[in-house]
Amino acid sequence: MRILSRTAPLLIVALLWEAITRGGLVPADMLPPFSSVAVELVKLATGGTLLPNTLDSVARAATGFAIAVAAGTAIGAGMALWRGFETAAGPLVQAFYPLPKSALIPLVIVWFGLGDTAKTFLIFLGCLLPVILSTYNGLRGVDQVLVWSARSLGASRAAVIREVLLPAAMPQILTGLRTAVAFSFLLMVSSELIIATNGLGYLIGSYGDNGAYPAMFAVILVVTGLGFAADRAFVALSGFLLRYRE
Amino acid sequence: MSTQLSLPAPSSLRPPRIAWSAVATVKRFASILAVLLLWEIAGRLHVVRPFLLPHLESVVWRFYSDIVTGTFFWNAALTLYRAVAGFALAAVVGVPLGILIGMNRLMRWFWDPLVSLGFPMPKIAFLPVFMLWFGVFDLSKIAMVAFSSVFVVIASTQAGTAGVERWLLWSARSMGAGRIAVFFQVMLPAAMPQILTGLQVAMPVALITTVVAEMLMGGAGLGGMMMQAGSYADSIGVFVGIIETSCVGAIAVTGMAQLRRHLLRWHPEFNPR
Amino acid sequence: MSDDLTGIAIDHLSHRYVPRTGQAVTALDNVSLTVPRNSFHALLGPSGCGKSTLLFLIGGFLPIQEGEIRTASGPVLAPGPERGVVFQNFALFPWKTVKQNVLYGIGKRGIRGAEADQRAQHFIDLVHLTGFENSYPAQLSGGMQQRAALARTLATDPDILLMDEPFGALDAQTRRIMQEELLAIWRETRKTVVFVTHDVAEAAYLADTISVMSARPGRIRQRIDAGFNRTADTSVFKSPEFIGLVEHVWDLVRDEVDEARLRSH
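Residue numbers (the numbering used here), protein chains in the order written: chain A, 68 to 313; chain B, 10 to 282; chain C, 256 to 520.
Since the hints were made in silico from the structure, they are not lab data. Just so it is clear, CB atoms sit at the ideal spot from N, CA and C, and this is done for glycine as well. Don't take each hint at face value.
To be verified - Just so you have them, the derived chain A footprint on chain B, three or more residues with Cβ under 8 Å:
#	segment
1	112 to 120
2	180 to 192
3	204 to 218
Stated by the list, open to error - To give an idea of the chain B side of the interface with chain A (calculated C-beta under 10 Å), a few residues:
#	residue
4	Pro-131
5	Ile-133
6	Leu-141
7	Val-173
8	Arg-175
9	Leu-225
10	Gly-228
11	Ser-240
12	Ser-244
13	Glu-253
Using the sequences and the accompanying hints, generate a full structural model.
Shown next, in the form of structure tokens:
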């Protein structure tokens, strides 16, 4: 029942979309009717274009994201736990904070050419900072009292990190990871629009260039749905990992 | 989204250190200087091809000449103009809408799923749509930026409005304030911290989107300039573009932080006890 | 209002609410109460007994479902400046200074300019916050913030003062000081006060009469006369009469607390 209530507004929007295009308020070459887009979507899905490109895109995004998580949590944790590392890495991280990550696209092209490695590397770079920052802040923000309690109960330094700091920092780290998921999609699409070789972003761009607007809108819907699904999946995963909380 | 680092800060496993000293200042910039030094050495020793990693001095020289010739200011101003215009549009639309959603149940029912969908969605995917609708000049870029930024503004404004303590509203009403007065004199100021947070997050989003849009559509502006440098194999230009874009990013973020500091000077975050 | 000596008349008041999960809860069940004008009346009871709900109904913040509340100004329909409120977490406007907060209520009463300024200063001095006129709430301690909230409400010259556990968020020492100061101000201004608390000694010290309320559903279990608030003598806390009253009231409340605890299992 609640799911119906939540999706109703979307259905309303779809109906409005259909109405204003069929009704002639908006020319069809600016906005194809929702039904045409839906039909095109089915065609693409069963056709053999959508699936391989989707897999390409998602694989790249997932790879970039995964490496960023591995490296980012390591760097963030290192900065939070070891003074020396923080002094070394901190200023560099802060220097890159104001840089809009999409500015790295031309650089990545210079280094890796117009291919998959370039896009994956860009996604990795873009996701890195939110992960580092949330790991660092999450670990820093752990209440001293928790650490002192553990120490007084006899926990070693390593045990404190593993059993107190990491779990306590987990909510904030997961929030940072959620942001990184969104960034990975953003950079995936951005890089594929510009380095137009394959992937969902490439499809959007090329359909647009060729005037195949129903197909273009169809792929945009796919990307939207994927981004949403990835976020939901992540929220569910976070909920599971944090299930001992309120 | 991203949280601001604050250095120096005590490690939770070590005793706090001394606040300020010349050593601390040097340490803050040490690693940046070290990187620059390594860069210079790598250049001198021809460790990497100049194409992949141009000499530090070439990059610095190009940056300097960009400033002197005005190229930097021209491109930066254009990019900043588009980002700020789109941001402003998102604010003008998003704040009132967020307030309405925060206050009205029906509005919340209708808009919540849409905003939840829009939030994690890679809005940049709509770039070709905006190009289709508005052409390849400023309007399409500004519209794209506004579309990208509006969701976070709505979500934060909504949360801020809904989260206003009822004691504040009740106090005002018991002192004789009418509904409209309560809205403008109490609800808005009370929601302001969170509204500003939303705007502060929206600014970097606006900038990222502007740069991508410029890269795809070409022309003037930092994104277009970097893309052009790339296509002419001008890697020095690409590196300088990154530096210049960082400058613009820093200006934008600092500007927003200053605005927050001014508007919220009463807030506990600026009045630690 | 027929009876000149009545400050607040509550008649057969009931209130129900439906929480998001679960069934309807009866917060108040057929409560009737008269508070004499210019008297200090305490509402005492365990958590969840509806005392705050009763206060909010008198304040006009919650719609009356069943029953009636009348004051000298007529039936209670909405919030208004004749019934001033002081909340537990102060509810000061954090973006305004102390003076601006106090001026807000004064402005709503139609007083402006130099007269408003003088009036604000008078009440700021009355609560001993002289010198902090231009401070923001974030710069003040809890006790100071509550003084500012009190000044703001008093400055609107309400007939009735409604206070919802106003010292609950303060530490014990500050609380004691604030009680003495509140009493001093009350002796001077003689408002009709309805004071919600769960602290028996506080009620016994401040009030003319205490209504002990039962656990949910809220009813007035018993009405007790106190009246130790006539003098400024703080040694009253040690007097046997006072201690006797506190013990007696405590027994009543303890029954209700046990009742509530049993019910919640």
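Does the structure break any of the earlier hints, and which numbers would those be? 2, 7, 8, 10
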